[in-house]
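Residue numbers (numbering that gives the first Met the number 0), protein chains in the order written: chain A, 0 to 278; chain B, 0 to 377.
Hints were generated in silico from the structure; no laboratory data involved. Heads up, a few of these hints could be off.
[To be verified] Derived pair list, reagent style DSS-like, types lysine-lysine, alpha-carbon separation capped at 25 Å:
#, chain 1, residue 1, chain 2, residue 2
1, B, 167, A, 175
2, B, 144, B, 115
3, B, 181, A, 175
4, B, 376, A, 175
5, B, 299, B, 333
6, A, 265, B, 144
7, B, 240, B, 265
8, B, 299, B, 265
9, B, 376, B, 263
10, B, 376, B, 240
11, B, 376, B, 299
12, A, 230, A, 49
13, B, 115, A, 175
14, A, 264, B, 144
15, B, 118, B, 167
16, B, 263, B, 299
17, B, 317, B, 333
18, B, 317, B, 299
[Unchecked claim] Quick list of simulated restraints, FRET-style, between CB atoms:
#, chain 1, residue 1, chain 2, residue 2, range
19, A, 260, B, 108, 23 to 29 Å
20, A, 185, B, 96, 22 to 28 Å
21, B, 125, A, 260, 33 to 39 Å
22, B, 52, A, 176, 25 to 31 Å
23, A, 260, B, 96, 26 to 32 Å
24, A, 176, B, 11, 55 to 61 Å
25, A, 123, B, 34, 24 to 30 Å
26, A, 252, B, 179, 39 to 45 Å
27, B, 83, A, 72, 36 to 42 Å
28, A, 72, B, 176, 40 to 46 Å
As the structure is a computational prediction, the values presented were derived from the model and not from experiment. Every residue gets a Cβ at the ideal spot worked out from N, C-alpha and C, and that includes glycine.
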Amino acid sequence: MRQRSTFLFSVLCFGFAFFYIPIISMIVYSFNKSRLATVWGGFSVEWYFKLFKNAQIINAATLSLEIAVISATFATILGTMAGMALARFSRFRGRTFFSGLVSAPLIMPEVITGVSLLLLFVFMERYFGWPAKRGFTTVTIAHTTFALSYVAVIIQSRLLSMDVSLEEAAMDLGSKPWQVLFDVTLPIIAPAMIAGWLLAFTISLDDVVITNFTTGPGATTLPILIWGKVKLGVTPDINALATIIVLVVSIGVGLAGYLMYRSEKKRERDIQMALAANK
Amino acid sequence: MGIENTGKAWETPKTEPFIRIENVTKKFSDFIAVNNVSLDIYKGELFALLGGSGCGKTTLLRMLSGFESPTEGRVWIDGQDMTSVPPYERPVNMMFQSYALFPHMTVEQNVGYGLKHEKLTKAQRQDRVKQMLDLVQLSQFAGRKPHQLSGGQRQRVALARALAKQPKVLLLDEPLGALDKKLREHTQFEIMNIQEKTGITFVVVTHDQEEAMTLSTRIAVMDRGIIRQTGTPTEIYEFPKTKFVADFIGSINQFAGTVKSVTKDKAVVACADWAGEITVDRDASVAVGQNVSVAVRPEKISISKKAPAKTLNAIEGKVIDLGYFGKDSLYRVKLPSSALVRVNRVNDQRGRETERVAQWEDKVWLAFEPSAAILLKD
Numbered sequence: 000m001r002q003r004s005t006f007l008f009s010v011l012c013f014g015f016a017f018f019y020i021p022i023i024s025m026i027v028y029s030f031n032k033s034r035l036a037t038v039w040g041g042f043s044v045e046w047y048f049k050l051f052k053n054a055q056i057i058n059a060a061t062l063s064l065e066i067a068v069i070s071a072t073f074a075t076i077l078g079t080m081a082g083m084a085l086a087r088f089s090r091f092r093g094r095t096f097f098s099g100l101v102s103a104p105l106i107m108p109e110v111i112t113g114v115s116l117l118l119l120f121v122f123m124e125r126y127f128g129w130p131a132k133r134g135f136t137t138v139t140i141a142h143t144t145f146a147l148s149y150v151a152v153i154i155q156s157r158l159l160s161m162d163v164s165l166e167e168a169a170m171d172l173g174s175k176p177w178q179v180l181f182d183v184t185l186p187i188i189a190p191a192m193i194a195g196w197l198l199a200f201t202i203s204l205d206d207v208v209i210t211n212f213t214t215g216p217g218a219t220t221l222p223i224l225i226w227g228k229v230k231l232g233v234t235p236d237i238n239a240l241a242t243i244i245v246l247v248v249s250i251g252v253g254l255a256g257y258l259m260y261r262s263e264k265k266r267e268r269d270i271q272m273a274l275a276a277n278k
Numbered sequence: 000m001g002i003e004n005t006g007k008a009w010e011t012p013k014t015e016p017f018i019r020i021e022n023v024t025k026k027f028s029d030f031i032a033v034n035n036v037s038l039d040i041y042k043g044e045l046f047a048l049l050g051g052s053g054c055g056k057t058t059l060l061r062m063l064s065g066f067e068s069p070t071e072g073r074v075w076i077d078g079q080d081m082t083s084v085p086p087y088e089r090p091v092n093m094m095f096q097s098y099a100l101f102p103h104m105t106v107e108q109n110v111g112y113g114l115k116h117e118k119l120t121k122a123q124r125q126d127r128v129k130q131m132l133d134l135v136q137l138s139q140f141a142g143r144k145p146h147q148l149s150g151g152q153r154q155r156v157a158l159a160r161a162l163a164k165q166p167k168v169l170l171l172d173e174p175l176g177a178l179d180k181k182l183r184e185h186t187q188f189e190i191m192n193i194q195e196k197t198g199i200t201f202v203v204v205t206h207d208q209e210e211a212m213t214l215s216t217r218i219a220v221m222d223r224g225i226i227r228q229t230g231t232p233t234e235i236y237e238f239p240k241t242k243f244v245a246d247f248i249g250s251i252n253q254f255a256g257t258v259k260s261v262t263k264d265k266a267v268v269a270c271a272d273w274a275g276e277i278t279v280d281r282d283a284s285v286a287v288g289q290n291v292s293v294a295v296r297p298e299k300i301s302i303s304k305k306a307p308a309k310t311l312n313a314i315e316g317k318v319i320d321l322g323y324f325g326k327d328s329l330y331r332v333k334l335p336s337s338a339l340v341r342v343n344r345v346n347d348q349r350g351r352e353t354e355r356v357a358q359w360e361d362k363v364w365l366a367f368e369p370s371a372a373i374l375l376k377d
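Build the full structure now, drawing on both the sequences and the hints.
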């Protein structure tokens, strides 16, 4: 048994090493004094300073953040609506089809999503004249489109575990359906909505493929910029930039996970309490 | 308690029913949940809809609250047609089985939630909330969240919240279902007291016959979408009209047989299981030769080792099972025909095991009065 657990432990270590050594080495080398990305030349934070003085990078970062905030917000609104339709309207025509449509982007290869959105935008430009050219708007729409699937799935599962009689009780006490939504449903699913927003934000922030298809001149997001720079060779400032992105994304995902975990815990505790009270 | 106060409105011919359910049918695609039910409930009643799961009692309740609309038929409350009125406009409130307390609101906010739709000043609203919390003795918990309360306390918050709007009718879905036995009894009386104090008409849905018997003024026994019998708890228990009702409420011994002869107030029934004839008071019109069932409650049969003085409705059998419940004991007695009879005897004397009326394998005499038996037509 002892031997087997040692084996399992080393496999685990290997797995983690495989995942995290590249990231850790990148973080370490972002503090490298040397210009060469692969030779250690002593500790320095100069690349971070250079980064913050680089207007091109700052612009790209600002654009990425703007797109992430706007698309995450739209994705949360639309995704919540879709999640509600899936969880609450039990029998409407084409429900299964709609459910498939909403979750399709989760499994669709990004290249396909990217190409199809590009075709759509080209088509719309030609026949409606909007969006006039590819850039900020098209990237935001594209990100909203696929991030809303993630939000819809989170909201749907939250609503399915929520007692329908809570909404009925509010209605029974005199609230019209829209009042029930704002008084009861939304406050209860708020943590799931925040988690969904953070997830959508994170997905938008680090997307390369779909952005690549839907962006245009003058709208270079951070991942696209990095992609372009790396083609000319990895420089320590890219390491520094990537380190910051890793940090931001980890915080986003971590917070989303924490919120979901906490609401799960709370529900478990409520159930425990209810059982204990009935003993 | 409640029974005296209502003055038996259902027996006074001129009283207008407060809730009138008129030929209501509810279908869910192919399944008929409620089948052409008509029911009158009077003001101030504590009415119970009793039945097993899937009998349609909850669907009927949800049609009173407005969450379901009847496929056919009409629902009237206090003279108004409610059939197509949405739940938020009905003068009816409901206490949910799961209590459905809003987890993000305090006890006070939960109770006051329904009042924000009424034209009340802030002071009036606070006053009403306080009054309701006093009624259910939860004033000191006003600031707590539902998850900080015990099951019994949550139940009372749910009750206070449903009463806060002073509805014309209060619907209770399995109100005691989630409580333990000790708390149940206490809560039962509390619900009855509150009903008396407020004078609101209560309609309770329950699968628990004891709960229905102790709580209510009248009971409707439901089965597969149909009301089998409506009556006071005593009527339902002592004078069931069908085999189903007799069987569903409490336990009962049934002996199938054929009517041999009929006198003015008695009928003699030949029963194969009883290996002889049973004499029964008759309150239903039966004819000679008709197939009937004689039903006797286990507590109405006497059991003793000595042969009874009167031989009417007496038979000898053997004890094959004995269940001791403390306050009473259940004997299962095998008759010569090998039919089993359940006999219940209150342990009104303190004694050791050996001092019991009978032991396993003992020969015993069973007997009952003609008035104790119920004659049920097939």
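Here is how each hint holds up against the structure:
Distance check on the hinted pair: residue 167 of chain B and residue 175 of chain A sit about 20 Å apart at the alpha-carbon level, within 25 Å; holds. The straight-line distance between the Cα atoms of residue 144 of chain B and residue 115 of chain B is roughly 19 Å, inside the 25 Å bound, and the hint therefore holds. Restraint check for residue 181 of chain B and residue 175 of chain A: the C-alpha separation of about 39 Å exceeds 25 Å, so the hint is violated. Proposed proximity of residue 376 of chain B and residue 175 of chain A is contradicted: the alpha carbons are some 51 Å apart, above 25 Å.
Of the supplied pair hints, the one linking residue 299 of chain B and residue 333 of chain B holds, its CA atoms being roughly 17 Å apart against a limit of 25 Å. Pair hint residue 265 of chain A plus residue 144 of chain B holds up; C-alpha atoms about 13 Å apart against a cutoff of 25 Å. Between residue 240 of chain B and residue 265 of chain B the alpha-carbon distance is near 18 Å, which keeps this suggested pair within the 25 Å criterion. Pair hint residue 299 of chain B plus residue 265 of chain B holds up; C-alpha atoms about 18 Å apart against a cutoff of 25 Å.
With a CA separation close to 18 Å, the supplied pair residue 376 of chain B and residue 263 of chain B stays within the 25 Å bound. Note on residue 376 of chain B and residue 240 of chain B: the hinted pairing holds, with a Cα-Cα distance of about 8 Å set against a maximum of 25 Å. For the suggested pair residue 376 of chain B and residue 299 of chain B, the alpha carbons sit about 20 Å apart, so the restraint of at most 25 Å is met. Distance restraint check for residue 230 of chain A and residue 49 of chain A: the Cα-Cα separation of roughly 20 Å lies within the 25 Å cut-off, and the hinted pair is therefore satisfied.
In summary, the hint linking residue 115 of chain B to residue 175 of chain A is supported, as the alpha carbons are separated by about 12 Å, within the 25 Å threshold. As the CA atoms of residue 264 of chain A and residue 144 of chain B are separated by approximately 16 Å, the hinted pair is consistent with the 25 Å bound. Distance hint between residue 118 of chain B and residue 167 of chain B is fulfilled; the C-alpha atoms sit about 17 Å from each other, no more than 25 Å. Of the supplied pair hints, the one linking residue 263 of chain B and residue 299 of chain B holds, its CA atoms being roughly 23 Å apart against a limit of 25 Å.
With a C-alpha separation of about 5 Å, the suggested pair residue 317 of chain B and residue 333 of chain B falls inside the 25 Å cut-off, and the hint holds. Taken as a hint, the residue 317 of chain B and residue 299 of chain B pair is honoured in the structure, with Cα atoms around 18 Å apart against an allowance of 25 Å. Look at residue 260 of chain A against residue 108 of chain B: about 27 Å separates their beta carbons, and that is inside 23 to 29 Å. A hinted range of 22 to 28 Å for the beta carbons of residue 185 of chain A and residue 96 of chain B is consistent with their spacing of about 24 Å.
The supplied range of 33 to 39 Å is met by residue 125 of chain B and residue 260 of chain A, whose beta-carbon atoms lie about 38 Å from each other. Taken as a hint, the range 25 to 31 Å holds for the pair residue 52 of chain B and residue 176 of chain A, whose Cβ atoms sit roughly 29 Å apart. Checked against the hint of 26 to 32 Å, the C-beta distance between residue 260 of chain A and residue 96 of chain B comes to roughly 29 Å, which is consistent with it. Range check, residue 176 of chain A to residue 11 of chain B: Cβ separation about 41 Å, and the 55 to 61 Å hint is violated.
Distance hint for residue 123 of chain A and residue 34 of chain B: a CB-CB separation of about 56 Å, inconsistent with the stated range 24 to 30 Å. Look at residue 252 of chain A against residue 179 of chain B: about 44 Å separates their beta carbons, and that is inside 39 to 45 Å. A hinted range of 36 to 42 Å for the beta carbons of residue 83 of chain B and residue 72 of chain A is consistent with their spacing of about 39 Å. In this structure the supplied range 40 to 46 Å holds for residue 72 of chain A paired with residue 176 of chain B, their Cβ-Cβ distance being about 43 Å.
The earlier numbered hints that this structure contradicts are 3, 4, 24 and 25.
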